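J.: Each chain, written out:
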Amino acid sequence: MDTPPGLYTIRIRGRLGATALSAFPSMECELERGETVLTGMLEDRSAVFGVLGQIEALGLELLELRRIPGTLDQCP
Amino acid sequence: MTSMATTQRERHTGQPTPGDASVARGLLERADLLQQLDRAVTKRVTVISAPPGSGKTSLLRAWADRSTELRRVAFVSVKRDQQNAQQFWSAVLDAIRNPARPTDPKAQPAATAGLDADQLADAALSELTDQVEPVVLIIDDLHELKSADALTQLERLLTMLPGFARLVLSSRRDPPIKLHQLRLVGQVAEIRAGDLRFTESETRELLAASGIGLSDAGAAALYQRTEGWAAGLRLAVISLSAHPDPERFVAEFSGTDRAIGEYLIAEMLERQPTEVQRMLLRTSLVDRLNGDLADLLTGRSGSEQMLLELEDANAFVVSLDAERTWFRYHQLLADFLRLELRRTSADELGDLHRRAARWFADHGDVVEAVRHTLAAGDWPDAARLVADHSFRWVLEGQAETIDAVLQAFPEGASADHPDLALAHAAAELNHGRLEDAATQLALAESHVQSAPPARRRRLSVAIASLRLALARRSGRFSEVIEQVNLLDASMSDESNDQIAMDSELRAVALLNLGIVETWSGRLADSERHLAEGAELARTIGRPYLEVACRAHQGFPSKTVSVATARERGRQAVALAERYGWEDRPIVAPALGAVGGMAIWMGEFDEGERWLRRAWEVADPTVDPAATVLLHVATGMLHAGRGQQQSAVEAFAAAARMESQLSGVHALAPRITGWLAAAQARLGIPDKARATLTGFSAEPEQIGLIYDGQMGAIYNARAVICLTEGDPAGALDALQGVLDATPPLVPTFTVVESHLLAGIAHLSLGGRSAAAAAAEAALAAAEPDRLMFPFAMTQAAELLNALPRHETAHRALLADIVDLLRGEPVPSVERERLSQPEELSPSELRVLRYLPTNLTRPEIAQELYVSINTVNTHIRNLYSKLGARDRSSAVQRARELRLLSTGRS
Chain A
1 MDTPPGLYTI
11 RIRGRLGATA
21 LSAFPSMECE
31 LERGETVLTG
41 MLEDRSAVFG
51 VLGQIEALGL
61 ELLELRRIPG
71 TLDQCP
Chain B
77 MTSMATTQRE
87 RHTGQPTPGD
97 ASVARGLLER
107 ADLLQQLDRA
117 VTKRVTVISA
127 PPGSGKTSLL
137 RAWADRSTEL
147 RRVAFVSVKR
157 DQQNAQQFWS
167 AVLDAIRNPA
177 RPTDPKAQPA
187 ATAGLDADQL
197 ADAALSELTD
207 QVEPVVLIID
217 DLHELKSADA
227 LTQLERLLTM
237 LPGFARLVLS
247 SRRDPPIKLH
257 QLRLVGQVAE
267 IRAGDLRFTE
277 SETRELLAAS
287 GIGLSDAGAA
297 ALYQRTEGWA
307 AGLRLAVISL
317 SAHPDPERFV
327 AEFSGTDRAI
337 GEYLIAEMLE
347 RQPTEVQRML
357 LRTSLVDRLN
367 GDLADLLTGR
377 SGSEQMLLEL
387 EDANAFVVSL
397 DAERTWFRYH
407 QLLADFLRLE
417 LRRTSADELG
427 DLHRRAARWF
437 ADHGDVVEAV
447 RHTLAAGDWP
457 DAARLVADHS
467 FRWVLEGQAE
477 TIDAVLQAFP
487 EGASADHPDL
497 ALAHAAAELN
507 HGRLEDAATQ
517 LALAESHVQS
527 APPARRRRLS
537 VAIASLRLAL
547 ARRSGRFSEV
557 IEQVNLLDAS
567 MSDESNDQIA
577 MDSELRAVAL
587 LNLGIVETWS
597 GRLADSERHL
607 AEGAELARTI
617 GRPYLEVACR
627 AHQGFPSKTV
637 SVATARERGR
647 QAVALAERYG
657 WEDRPIVAPA
667 LGAVGGMAIW
677 MGEFDEGERW
687 LRRAWEVADP
697 TVDPAATVLL
707 HVATGMLHAG
717 RGQQQSAVEA
727 FAAAARMESQ
737 LSGVHALAPR
747 ITGWLAAAQA
757 RLGIPDKARA
767 TLTGFSAEPE
777 QIGLIYDGQM
787 GAIYNARAVI
797 CLTEGDPAGA
807 LDALQGVLDA
817 TPPLVPTFTV
827 VESHLLAGIA
837 HLSLGGRSAA
847 AAAAEAALAA
857 AEPDRLMFPF
867 AMTQAAELLN
877 ALPRHETAHR
887 ALLADIVDLL
897 RGEPVPSVER
907 ERLSQPEELS
917 PSELRVLRYL
927 PTNLTRPEIA
937 QELYVSINTV
947 NTHIRNLYSK
957 LGARDRSSAV
967 QRARELRLLS
977 TGRS
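Protein chains in written order, with the working numbering: chain A, 1 to 76; chain B, 77 to 980.
Excised from the complex, chain A in its bound form (with noise of 0.2 Å):
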């Protein structure tokens, strides 16, 4: 049931300040059409929805959460 470590891209609805960016800080941002992708590493399923949490409670809108196949190879 252990979701393994890999690269994540979630997409949000809108551009984030650094506020609210300051709540992401193990990934990467980038701004496409209006929307804000947050790329990075997740460790684990916890990571994963900590990161889902904190989308909830600054009441963002999430679009999209994906992990990027292939990723788990690099992982020893």
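Incorrect hints may have been included.
Unchecked claim - Derived Cβ-Cβ restraints for the label pairs, each shown as a range:
{"#": "1", "chain 1": "B", "residue 1": "238", "chain 2": "A", "residue 2": "49", "range": "35 to 41 Å"}
{"#": "2", "chain 1": "B", "residue 1": "292", "chain 2": "A", "residue 2": "26", "range": "44 to 50 Å"}
{"#": "3", "chain 1": "A", "residue 1": "41", "chain 2": "B", "residue 2": "235", "range": "43 to 49 Å"}
{"#": "4", "chain 1": "A", "residue 1": "49", "chain 2": "B", "residue 2": "532", "range": "42 to 48 Å"}
{"#": "5", "chain 1": "A", "residue 1": "18", "chain 2": "B", "residue 2": "292", "range": "19 to 25 Å"}
{"#": "6", "chain 1": "A", "residue 1": "26", "chain 2": "B", "residue 2": "268", "range": "53 to 59 Å"}
{"#": "7", "chain 1": "B", "residue 1": "277", "chain 2": "A", "residue 2": "49", "range": "37 to 43 Å"}
{"#": "8", "chain 1": "B", "residue 1": "653", "chain 2": "A", "residue 2": "62", "range": "52 to 58 Å"}
{"#": "9", "chain 1": "B", "residue 1": "617", "chain 2": "A", "residue 2": "26", "range": "46 to 52 Å"}
{"#": "10", "chain 1": "A", "residue 1": "62", "chain 2": "B", "residue 2": "156", "range": "20 to 26 Å"}
To be verified - From the derived model, a few chain B residues whose C-beta atoms are all more than 12 Å from chain A:
{"#": "11", "residue": "234"}
{"#": "12", "residue": "254"}
{"#": "13", "residue": "483"}
{"#": "14", "residue": "607"}
{"#": "15", "residue": "859"}
To be verified - Looking from chain B toward chain A, a few residues come up when the C-beta cut is under 10 Å (computed):
{"#": "16", "residue": "128"}
{"#": "17", "residue": "129"}
{"#": "18", "residue": "219"}
{"#": "19", "residue": "249"}
{"#": "20", "residue": "250"}
{"#": "21", "residue": "253"}
{"#": "22", "residue": "305"}
{"#": "23", "residue": "307"}
{"#": "24", "residue": "308"}
{"#": "25", "residue": "333"}
{"#": "26", "residue": "334"}
{"#": "27", "residue": "408"}
{"#": "28", "residue": "420"}
{"#": "29", "residue": "424"}
{"#": "30", "residue": "425"}
These aren't lab readings, by the way, just hints derived from the structure by calculation. Nothing here was measured: the structure is a model prediction, and the numbers come from that model. By construction, the Cβ of each residue, glycine as well, lies at the ideal position given by its N, Cα and C atoms.
Mind docking chain B on chain A? Use the hints.
T.: Chain B only, in chain A's frame:
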């Protein structure tokens, strides 16, 4: 540390009414939505599930304010990250119970202290059931409830909800509660984000009501940009109302691709004066605050005024009490503020948490203090706080608090901190996990030497005190006495600030010492130590501890007199009743002592009544030594009534329980002796002999303290001889007792020996020797009215041999003869036979099960309540009906027509 609970009848301050200024500040009477909720609560359960800022709480508050004419509304807001089921139910119970009491966030409801979460949940259900008017229980912020137990209990409450009660659950997410059964029967209503959204016309209404002049196009743009999200509109209104050019604000807002929540909160903050911004940021790290705490965190005065103004402006600041002294921020705002604080002033965070911790510690909220100390990264300090308070929590029956606080520390942290290991030990001990407690204690002990000298003494005292409790629980009595000596020595030099804490430890030590002395037969010492412990507990304001000391003081008080023991036991029970603790296992020894002493005085029915109560509350895992006492008293009751089979069973149970203790119980020889005697009287002398043989190997082990108690063994040998037709052998056996110097042998044993000797003389034809023995027995029995030995030895025939004019104890003799004839002995107790008090609906429900053959646990199961709840109701029923037992309660209830159909 309590969850916030309010009922709407008092919460008029700051609440919107149509046309009032607050509407202009962003709250709108949303008639359609209120009606939707009206319709929803025709169903038993309403679930409101929507993201933060959707307007759930505003809707509920507005609805609750409007609805109080029609029904009673109990409103509970779950505290942030609530992991403590006990606290959650305590808040629920408080909200249901006290509609007319303003909520003080610091208040601990006294009536619920010492109850565990299950009992509190039961109490909440029975409060709901007892309501006469329709009642709606609203639980807001249910997503903050992180206790799996509490959710399970909530689920059970749901299935048991009485017909006229309604539950409204509000959460950011669909609550993890099974609703499908209710859904199948159409009893679940839902209100979701889509329902909560403002419509375009509501948006216009809101703007108009707020006095914001915006063009139609501007209003439409605002509506589109926010998509009717309530928080977005409220934030926009705050910024717009002070904005020089509202159209430009909307245009900028519509034109930006920023995420709307963050954008609008930033806009709102920017419009606040600098000192308000500063206060909001620096106070964001506490979950609730008042002016004093806010001043401390900001480092300047005037915070309360700012908070009041922010609330008046509806700027996401909410007051928690009718007096408006406590506040909290809307969670959306709080979360942004915290991020911003961490981003811009990371270096100040530790200091702010430390200040908050100190403030909470000074104001008695240790749980919050620990949380902030941990957040500041000061683990050793946090550990010390926990250790210093864990005793108090145990003593106040708040063991769950220790568990909850300990969860905040990472696993294995106790390996480095002796304080933390101590707190863990207290928690394990409280759960009855003695081995785990011992492991943690050993861990703490291994660190003592490395602690700073000032701390070392305190640690040693705490460790000794816990060792004491552990040894007492495990029945290692000799170890307890060693520990107490250690404790006494280390307490001889006290520094002032340590005295209060140490008094608590000392009272705990006295309690444990007294209990151990009781069960190791040093009754006089025990009585003295328990009295001292009770007095100390009273002085330092620890009623739970005082009740515990007094409850254990009953039995050893029989060294003073049997009547004193009985009276002290009754006083302890009365004290426990005053605090609502009469159901707690700590009361069992007092109830057992009262029952036991009544039996000694020949009042068997009275004794039985008290014993029954004692068994209801006793918990063998919490206090095995006291349970031994209850078995013995039960055996006495049967033996006194001549029910030998039952007596054998009870004494055998006492022996089994006693053998599980690792020390020897003071009652051990008596248990063995009476078990053997009952077996002999039952006609199984072989077993009786075997019982005695099993014991005879041990006297050296028992040591001097028990020497006098060996009389019980000699008496048993005599009984065996008598039942086997060997009266001469019986007299031989009794020499051991009758030749001993009187103070060494307990009086009741002497009475019994004289009676057995008399019976032996009688069957040898020595009538005058028999009469002399009977007279000696009466003389010994007189001071304490010890009638029980006459019943147990079946001394009727012997007493007939005593000519009435030859006794100096005629009155006692007459009572004993009555008792032996099966006539009730006049009791100290008075019966209540007058018109019964009104029975509560819950009591009536339980009453209806009494004529059935269901047991108490089965009744509890039928009614979906705990056995403790059923016991409480039954006890109240007995008392109100003046009944002694189930059958007399049923009879009385029939006479009063309480069992007739028609009442539901």
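J.: If a hint holds in the structure, say so; if it does not, say that too.
T.: Hints versus structure:
In this structure the hint that residue 238/B and residue 49/A lie 35 to 41 Å apart at CB holds, the actual value being about 37 Å. Checked against the given bound of 44 to 50 Å, the beta carbons of residue 292/B and residue 26/A, roughly 46 Å apart, stay inside it. Hint check: residue 41/A to residue 235/B, Cβ distance near 45 Å, so the stated range 43 to 49 Å holds. Restraint check, residue 49/A to residue 532/B: a C-beta distance of roughly 44 Å satisfies the suggested window 42 to 48 Å.
The beta-carbon spacing between residue 18/A and residue 292/B, approximately 35 Å, falls outside the hinted interval of 19 to 25 Å. Between residue 26/A and residue 268/B the CB atoms are about 32 Å apart, so this pair departs from the stated range of 53 to 59 Å. Judged by the Cβ atoms, the range 37 to 43 Å given for residue 277/B and residue 49/A holds: they are separated by roughly 39 Å. Here the CB-CB span from residue 653/B to residue 62/A is close to 56 Å, well matched to the stated 52 to 58 Å.
At about 50 Å, the CB distance of residue 617/B to residue 26/A agrees with the hint of 46 to 52 Å. Checking the proposed 20 to 26 Å range against residue 62/A and residue 156/B shows it holds: the Cβ atoms sit about 22 Å from each other. For residue 234/B, the requirement that its beta carbon stay farther than 12 Å from each beta carbon of chain A is met, with the minimum near 25 Å. No Cβ of chain A approaches the Cβ of residue 254/B within 12 Å, the least distance being about 22 Å, so the stated non-interface status holds.
Even its closest Cβ contact with chain A, about 15 Å, leaves residue 483/B beyond 12 Å, as expected for a residue assigned away from the interface. Every Cβ of chain A is farther than 12 Å from the Cβ of residue 607/B; the closest lies at roughly 54 Å, confirming the non-interface assignment. No Cβ of chain A comes within 12 Å of the Cβ of residue 859/B; the nearest lies about 71 Å off, and the non-interface call holds. A cut of 10 Å between beta carbons decides the hint on residue 128/B: the least distance to chain A is about 5 Å, and the hint holds.
For residue 129/B, the interface hint holds, the least distance from its beta-carbon to any beta-carbon of chain A being 5 Å, beneath 10 Å. Because the beta carbon of residue 219/B sits about 9 Å from the nearest beta carbon in chain A, less than 10 Å, this interface hint is met. For the restraint placing residue 249/B at the interface with chain A, the shortest Cβ-Cβ distance is roughly 8 Å, inside the 10 Å limit, so the hint holds. Against a cut-off of 10 Å between C-beta atoms, the interface hint on residue 250/B is violated, since the closest Cβ of chain A lies about 13 Å away.
Below 10 Å, beta-carbon pairs count as interface contacts, and residue 253/B has none with chain A, the closest being about 19 Å; its hint is therefore violated. About 8 Å separates the beta-carbon of residue 305/B from the nearest beta-carbon of chain A, less than 10 Å, and the hint is met. For residue 307/B, the interface hint holds, the least distance from its beta-carbon to any beta-carbon of chain A being 7 Å, beneath 10 Å. Interface hint at residue 308/B: satisfied, since its Cβ lies 8 Å from the closest Cβ of chain A, which is below the 10 Å cut-off.
For residue 333/B, the interface hint holds, the least distance from its beta-carbon to any beta-carbon of chain A being 4 Å, beneath 10 Å. Using the Cβ-Cβ criterion of 10 Å, the hint placing residue 334/B at the interface with chain A is satisfied: the shortest such distance is roughly 5 Å. Because the smallest distance between the Cβ of residue 408/B and any Cβ of chain A comes to about 5 Å, under 10 Å, the interface hint for this residue holds. Residue-level restraint check for residue 420/B holds (minimum Cβ-Cβ distance to chain A is 9 Å; threshold 10 Å).
Taking 10 Å as the C-beta cut-off, the interface hint given for residue 424/B is violated, the closest approach to chain A being about 16 Å. Checking residue 425/B against chain A: minimum C-beta separation of about 13 Å lies over 10 Å; hint violated.
Checked against the numbered hints listed earlier, the structure breaks hints 5, 6, 20, 21, 29 and 30; every other hint is satisfied.
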